[in-house]
Amino acid sequence: NAGVTQTPKFQVLKTGQSMTLQCAQDMNHNSMYWYRQDPGMGLRLIYYSASEGTTDKGEVPNGYNVSRLNKREFSLRLESAAPSQTSVYFCASSEITGSYGYTFGSGTRLTVV
Amino acid sequence: DQQVKQNSPSLSVQEGRISILNCDYTNSMFDYFLWYKKYPAEGPTFLISISSIKDKNEDGRFTVFLNKSAKHLSLHIVPSQPGDSAVYFCAASAINDYKLSFGAGTTVTVRA
Chain A
1 NAGVTQTPKF QVLKTGQSMT LQCAQDMNHN SMYWYRQDPG MGLRLIYYSA
51 SEGTTDKGEV PNGYNVSRLN KREFSLRLES AAPSQTSVYF CASSEITGSY
101 GYTFGSGTRL TVV
Chain B
114 DQQVKQNSPS LSVQEGRISI LNCDYTNSMF DYFLWYKKYP AEGPTFLISI
164 SSIKDKNEDG RFTVFLNKSA KHLSLHIVPS QPGDSAVYFC AASAINDYKL
214 SFGAGTTVTV RA
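Same order as they appear, the protein sequences are chains A and B. For the first sequence, this note's numbering begins at 1 and goes up steadily by one. For the second sequence, this note's numbering begins at 114 and goes up steadily by one.
Watch out, some of these pointers could steer you wrong.
Computed list of lysine to aspartate or glutamate pairs in EDC-like fashion (alpha-carbon distance at most 20 angstroms, straight line) [claimed, not checked]:
id	chain 1	residue 1	chain 2	residue 2
1	B	K212	A	E79
2	A	K57	A	E73
3	B	K118	A	D38
4	A	K9	B	E128
5	B	K118	A	E73
6	A	K57	B	E155
7	B	K150	A	E73
Hints listed in this document are in silico derivations from the structure and should not be mistaken for laboratory results.
For reference, chain A alone in the conformation it holds in the complex:
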């Protein structure tokens, strides 16, 4: 019963480096999301994918790209990391019309120095 799996759990990057955060779900959900959590800001949507083959920008997409590799996997890429991208990143998935909202992964804590 893995649910939503995120890798890595922790990462330290230097400014300008790139990296990809991985996310996979085993619940056969159609929709997947990437959020970032910052103190006093709550969870803010970066990108989402309503279904396999589609992706759309959320509230704070600048500096990020995503790939919906297949129905299970949704990755988030930072092409040139900046200190402002220091945050905790959560991946989530849901049925489009589910009553219980999202199932979240355990998060990736990213520090950009």
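Chain A is fixed; fit chain B onto it per the hints.
This is chain B only, laid out in the frame that chain A set:
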């Protein structure tokens, strides 16, 4: 501009007493509301939800109240237990939408 607001960053309550968490929203298109609970180093987990056609939903110790005219909802936890110490996020989605907008969260501490 945040469409879902939790104006109390923290709440401290004695074990056995009631915890009341508040949430306000600005988007009149929101029709489904949820509360999530988050422990440190874990992802948020679903706690309870309410549709805009209802004004109350109860699940064990947790009750959510919705006041559509005031664009306000609240979560009541009775009685509060030490395991309830966590961050609680209010979230909302609009009609025919599946994206959730979250509030900033309220950290609840239950004192023994």
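Okay, the hints, checked on the actual structure:
no. : hint           : in the structure
1   : B:K212 x A:E79 : 25 angstroms, violated
2   : A:K57 x A:E73  : 17 angstroms, holds
3   : B:K118 x A:D38 : 15 angstroms, holds
4   : A:K9 x B:E128  : 33 angstroms, violated
5   : B:K118 x A:E73 : 31 angstroms, violated
6   : A:K57 x B:E155 : 25 angstroms, violated
7   : B:K150 x A:E73 : 25 angstroms, violated
Going through the hint list in order, the structure does not satisfy hints 1, 4, 5, 6, 7.
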